[in-house]
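> Just so you know, the sequences run in chain order A and B. The opening residue of the first sequence carries number 6 in the numbering used here; numbering runs sequentially from there. The opening residue of the second sequence carries number 18 in the numbering used here; numbering runs sequentially from there.
Hints were generated in silico from the structure; no laboratory data involved. Predicted model, so just to flag it, every value in this text is computed and none were measured. Some hints here could point you the wrong way.
To be verified - Pairwise CB distance ranges, derived in the manner of DEER restraints:
| no. | chain 1 | residue 1 | chain 2 | residue 2 | range |
| --- | --- | --- | --- | --- | --- |
| 1 | A | 76 | B | 29 | 39 to 49 Å |
| 2 | B | 34 | A | 88 | 39 to 49 Å |
| 3 | A | 115 | B | 70 | 35 to 45 Å |
| 4 | B | 97 | A | 23 | 39 to 49 Å |
From the three backbone atoms N, C-alpha and C, an ideal C-beta is built for every residue, glycine too.
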Amino acid sequence: KAGVTQTPRYLIKTRGQQVTLSCSPISGHRSVSWYQQTPGQGLQFLFEYFSETQRNKGNFPGRFSGRQFSNSRSEMNVSTLELGDSALYLCASSTRGENEAFFGQGTRLTVV
Amino acid sequence: SQQGEEDPQALSIQEGENATMNCSYKTSINNLQWYRQNSGRGLVHLILIRSNEREKHSGRLRVTLDTSKKSSSLLITASRAADTASYFCATAGGGADGLTFGKGTHLIIQP
Chain A
6 KAGVTQTPRY LIKTRGQQVT LSCSPISGHR SVSWYQQTPG QGLQFLFEYF
56 SETQRNKGNF PGRFSGRQFS NSRSEMNVST LELGDSALYL CASSTRGENE
106 AFFGQGTRLT VV
Chain B
18 SQQGEEDPQA LSIQEGENAT MNCSYKTSIN NLQWYRQNSG RGLVHLILIR
68 SNEREKHSGR LRVTLDTSKK SSSLLITASR AADTASYFCA TAGGGADGLT
118 FGKGTHLIIQ P
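Okay, chain A solo, but in the shape it has when bound (with noise of 0.2 Å):
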């Protein structure tokens, strides 16, 4: 069974751009999580998505969005870039949010 495919896995941005990062579930996993890894914040739980509707967010700002499709694929997507959004952005998929779940390499994101 294949893992948790993230891309790209590095990315450099400048302030003020966007980005757009995916992800790929395990096969027959509807449950896609997304998850902000930095050193002052630690992990830091962003949206999850279940069947193509968002069922949870997280605490950030209304710049960060995202969105699953119908083969369970998910996208995240941040607008107007800011420094302090230098991170490592984890997926992870599961049966269900709660359950174990499968991490993706992650994408780590640069902004300058």
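Given the structure of chain A, go ahead and fit chain B onto it with the hints provided.
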């Protein structure tokens, strides 16, 4: 906001020794999970313990859960160099959204 708080923040032990990490949380939960992360990579799920369970084993791992004290511990027996990583506890349920992670314990196994 962080639900789980791991203790200690960092731990360095000799290969072959046992490593114990603790996690405390604030609200009621449905389950508590432990994950390992190697140097800036994705997290790997280690073990899940439900709120009605007190102890669970998986290979060299032993997890306990005390819901009255809102705490959990992860014991790694006979540590190996490959166990060097950061370990996170994550809680599910209790009104929180998704999995709520602690800040982690960085474990270093000295050869």
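> Hints first: check each against the structure and report whether it holds.
Going down the list of hints, with the structure as the test:
no.: 1; hint: A/76 <-> B/29: 39 to 49 Å; result: 45 Å, holds
no.: 2; hint: B/34 <-> A/88: 39 to 49 Å; result: 42 Å, holds
no.: 3; hint: A/115 <-> B/70: 35 to 45 Å; result: 41 Å, holds
no.: 4; hint: B/97 <-> A/23: 39 to 49 Å; result: 44 Å, holds
The earlier numbered hints are all upheld by this structure, with none contradicted.
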